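One-letter residues, chain by chain:
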Amino acid sequence: METLSTFEIVVQIIWRFWPVWAAMIIVGTLSYMYRDRLGLYGQLYDGGVGIAGLAFIGFWLFSALFAPIIAPFDPIGVVPILKNAVPGTIDPESGHAFLLGGDKLARDVFSRMVFGSQIVLIIAPAATAFALMVGITLGLPAGYYGGRVDNVLSFIANLVLAFPVILLFYLLVTPGITETPIPYTLAGLFFIFPVIFFVTLFYTRYQARPQFMWPAIAVTVVLGTWVWISLVSNDFIVQALRNNGLGFVGAFFDLPIFKIISIEPGQLNIFVAVVFASSPGVFRITRGLVMDIKTRDYVAAAQTRGESPWYIMLWEVLPNARGPLIVDACLRIGYTTILLGTLGYFGLGMPPESPDWGTAIKDGSQLLRLYVWPALVPAVALMSFVLGLNLLADALREESLKD
Amino acid sequence: MISFIIRRLGIMALTMLCLTLVVFFLVNLEPNLRKLSISQTNMRATDAQIESWLVRNGYRDNFFVRYGQWLGVMQKQPIIDPETGEATPRFRFCDEPAEPHFSGVIQGDFGCSTRFKVPVAERLVPALQATGWLMFYVMLVMVPGALLVGIFAGMREGSRTDRSLSVASIASTATPEYVSGVIFTVIFASWLGILNGSAATATREGITFTNFTLPVMTMAIYGMGYIARMTRASMAEVMTAQYIRTARLKGLTFSSVVIKHALRNALIAPFTVIMLQFPWLLTGVVIVEAMFRYQGFGFTLVEAASNNDIDLLLACALVSVVVVLVTQLLSDVGYAFLNPRIRVS
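Protein chains in written order, with numbering that gives the first Met the number 0: chain D, 0 to 402; chain S, 0 to 344.
In case anyone wonders, no lab produced these hints; they're calculated from the structure.
Be a bit skeptical, because a hint or two may be false.
Ranges between beta-carbon positions, derived for each pair [unchecked claim]: (1) 30(S) x 304(D): 52 to 62 Å; (2) 12(S) x 351(D): 40 to 50 Å; (3) 146(D) x 12(S): 21 to 31 Å.
Residues from chain S shown here face chain D by an in silico Cβ test under 10 Å; the list is partial [said to hold, decoys possible]: (4) 170; (5) 175; (6) 305; (7) 307.
With a cut-off of at most 25 Å between alpha-carbon atoms, the simulated DMTMM-like pairs for lysine to aspartate or glutamate come out as follows [said to hold, decoys possible]: (8) 34(S) x 263(D); (9) 401(D) x 161(S); (10) 401(D) x 156(S).
For clarity, every value in this text was computed on a predicted model and none was experimentally measured.
Cβ atoms here follow ideal geometry from the backbone N, Cα and C, with glycine treated the same way.
Okay, chain S solo, but in the shape it has when bound (with noise of 0.2 Å):
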């Protein structure tokens, strides 16, 4: 068991170094650096401004030096002004050390946002943990609904309690979070006038019944239809075993049935689809904040991506890259805890 997370550990370093260079080189394209600078300097800065401004913020350095500041093994070299010749920070937002320093993620620097001017991890981490509440919310509606839509559809197969939900879950899985947000804002906001259509509020004044409902319904949904699927196929298949039909022959109730010998084993398989959910959730996230214009990771994602500010969008895809291989991680290991017949050699 051991050495296998460790292997694992392994492979999700290397595949997050493969990950970041290839981010890091498509947000330096140069397309992409003739933006940046003109953002930076002034709309109609010359070729020549621009590409003294690109120079003197190291961003004309060996890609592979770049990549190593970046990353804290390669030092961080001051840039002395050529007049005064004392050591200027590249953004005047951001501190910067007058000496050749380390520091990059590994020393836990993530560098400088030039969008909102502040340090990226000033900007990432309030975002971070108004998305984290946004996924709690998800996460507390979505799981247990589909749950429960899967037990009663799988626990009667070709019942018409199955066909009827059935036909309701692949429905949710046809809407996605575009479709089922305005769906939801016409009928509760417009229509009924009970919800908050935006969620901006929640960001300064807290989170609300009306704020955030409608947000956590609209991404609660998408994810849900595929959970409640797997629940009732993994919940059939258990209810055909022969320990239940031995259950059922010694009198027991159907209940107690269900209950007792069949919940157990039918949820084994839907824990992998829940924790493989968490990546699917980070493209929720990302449309539901946009929608709703709730201060979020998924927000500041978009606002990173699209004024291409460098080092925000590459601590942005640090992190969902760490979300996407953490939750692999953990439904392999739990999968191999919660069910005694795999061995993980």
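Just chain D, with the same shape it has in the complex (with noise of 0.2 Å):
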């Protein structure tokens, strides 16, 4: 079988990515352009660990984007005569390279990497977000009134914190936890919070002025419980529903509306793992932030003015509070995506042909004394992303102290 030299491979590979180099430098170039106008984001182009972490988290947010363009490979597709094949080897069908190599199934290894930057982009940055509306909308109260609140919210945060990450994922992500309600209630639970949470930041707003308050609270819960229901809806939960006599809510779930989005419940199952592990800290963190920024002035004349308790929190507090939590966020998606490795690592919630890193490294750890690349690939996409995730975080936090 015919094989190209390594430089024809790095030639290649660089080629193949060309979506992503034309809107790295068309993204990259306008913002460095017009820098000083687009505020903490402008500010990360005036070093060098700031643009390498942006160039990082861009070069994978495109790839992302344009998986099907720059892949040539279907990531599942299987070509039996290139089972464990060298980077580099021509398959003689279709024309195209194994650029990095196949792996134990013939899969190619490059295209199999570049559809697996898509599974972690979108759940790395979304269960992060969910978690931070989680532990944001918690710890606000927890820091603010402290007292008995705090202690309550704290001895549940810590008591999550005190479960070995590892222990937590094998209990809450094994098969069999699909068949019981629990990983819905879990979800249904965790997905009510963004929709509390903007309803009470639009009410404690907007209440002079109810012209804008009635319509920015209807669309949110609308569209809050559309979403919600959409995620959390599926035949088993309608069965189930239907079983406890009550029918008409299974069937209100079961119109076609809510089926626009869905989510597997395995990857649900991930999501609310993931969001069950990290909102704690998140929570740490924001009590913590809160604790300290209540003692300022313009609290105190806020609560002379007789604001609401809730306006302080989320309209003095929490713009307050955005430095840290922006910076704990940048740190907070790199670790996800490590969690989601460990899950895909040890074959929790993913299916096994999923082009995942986690997964793929798994794989290919079984063969790494014999095939290299397997493993090796997605080891380092994995490790470049938290990278250049760790290096904005870094970047974020150096911009937030000169001020």
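Join these two chains into a complex; the hints should help.
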């Protein structure tokens, strides 16, 4: 079988990524030109660390976006003669090369790496966003009121933090658990937090102007409920509701309008486990920040004006806590990526043929001594993405210290 | 101080109770019980057979009664065979007295492992010893290494050494065990061939340099960056303090200022971070032991969890929760001892 030389492999890989380079150059140049007007994002272009972080993240972001153009093969497609093929082996049928070799099931490692980025870049930021919502919504009152509210919430947070992550995953992401109501209950609980957060946000802000407040709240509730039911409802839930004499609720959940967006039970399970594991961390950080900020003069001024506690929390305290929270969110996306990799590495939750990086590392490391590339490629991919996020967090921290 | 520790111990006991209850609930979910029953009877068991096995072995008793029995505050009832009228043990590989008795975690009986077919303690104690050695070597490499990196970086903030060491620390925190494990195995085992890619021989033939370096290195590298960054931040802060300036102006050399004046105060904050690394290492242990086939605590946990070995999994959960809570307590108490400005009330 024909193989490409190392030089040809490098050139072809660089050529394959052309949409990514194009997008990065356009976005990078535009952002660099207008960096003075772009606020915090623009300031990142002042230092080498920030640019390096943005470059890594941009690379994987655009790879995920343009994955179907970049990848020459189907991520789960099999070319039997190229089983464990060395990097650069040419597939005689299509004429394309397995640029980074084939894995033990004769799939293209390069295409799997590119498509794997899609899974990571959807789940990790989304799960982090939900964890932020849960952590902030609970951390604000805990820090602001203190006392019993704080004691109860902190005890629960410490309870979750005392669970070793890996044990939590083994218990929450076992295959059997999708047959029980636990993941759906937890998902229902977590997904309600964004709705609560935004309703409170609009309610406290526009109380004096009902013509703004009611439409904003109505849109949030309708949109939130639609997304909530779409994500939580599936055949299992509908059946369970019918069996428990709640047939009308089941029929409502079964309406086609809630089928437009949906999530696999397995993925929902992963999502819930990751949110569950990382929201106590957000809670602790928010609580600490609020306890510090609530002693400031502008909070005392708002209290004297007679503002409601939730107005002060959401519109006086939270904007002033944004710096550390943004840095933490950045680090947390990286940490979530690592957690997803851990789940994949232990074969939990993800379907076995999934191209995500953790599963690919697990599959590849079984034959690591003979064939290096199936495990090494996704490992380097995962590392570079997390490195980009950590560098970005570091640059953001430096920027916030400057002020 | 004493009342602080007593209060903390009370909260710890409550946390342990809550967590074991949650774990107990999760391992006793219907799908998990069915899985256990199928693995203990045979693959083609009918629903009736599964159900009768579960009833016979007491898995259908009241949930709280069973939790109480596991804990040791309720009596375990012997199983009477209806045909012979004699008491038979639940599992043939574990002895059980023929009369009702208290025997739970409080009495030191952790139950019976269905995966390894031995009492849990017999399996768990050697596993914990093996992991203890791994942890010991990891700490031996990680802590001095991280402190040195942090001190050198924080000594002169903003210098070239600082910047390159900081980027190296950031890179190390971006490398989880399953990534560094793969990369190190490729470099040191496949290409250079100087180290063993598996630690399986360490269990049988004892720990040697060739079979133990890779797991230790893999685990140490992930935690190292974090401790180093904390040390650097603490060191950089101390170096801007008034008394350091005074010491410099007094005419002391830079090295003696760093060693005699700065280090002592700069190492208080990293102490907490190092103690809190233990729970973090627990996850690392699971990954590294699975990756390098080392038969320790992590390996046992994975086996217990994937086979739904209820008693073994509960014991593993208890051990890890105790580790987490004890290190939290130690870090708080130790911090109060090290830092005279903190007073615990």
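Each hint, compared with the structure:
1. Hint check: residue 30(S) to residue 304(D), Cβ distance near 56 Å, so the stated range 52 to 62 Å holds.
2. In this structure, residue 12(S) and residue 351(D) meet the distance hint of 40 to 50 Å, their C-beta atoms being roughly 42 Å apart.
3. Judged by the Cβ atoms, the range 21 to 31 Å given for residue 146(D) and residue 12(S) holds: they are separated by roughly 23 Å.
4. For the restraint placing residue 170(S) at the interface with chain D, the shortest Cβ-Cβ distance is roughly 6 Å, inside the 10 Å limit, so the hint holds.
5. Restraint check, residue 175(S) versus chain D: the minimum CB separation of about 5 Å is within 10 Å; hint holds.
6. The beta carbon of residue 305(S) comes within 8 Å of a beta carbon in chain D, closer than 10 Å, and the hint placing it at the interface holds.
7. Interface hint status for residue 307(S): upheld, as the beta-carbon distance to the closest one in chain D is roughly 8 Å, under 10 Å.
8. Pair hint residue 34(S) plus residue 263(D) holds up; C-alpha atoms about 23 Å apart against a cutoff of 25 Å.
9. This hinted pair checks out: residue 401(D) and residue 161(S) have alpha carbons roughly 18 Å apart, not beyond 25 Å.
10. Proximity of residue 401(D) to residue 156(S) is assessed by CA-CA distance (about 15 Å); at most 25 Å being required, the pair is judged to hold.
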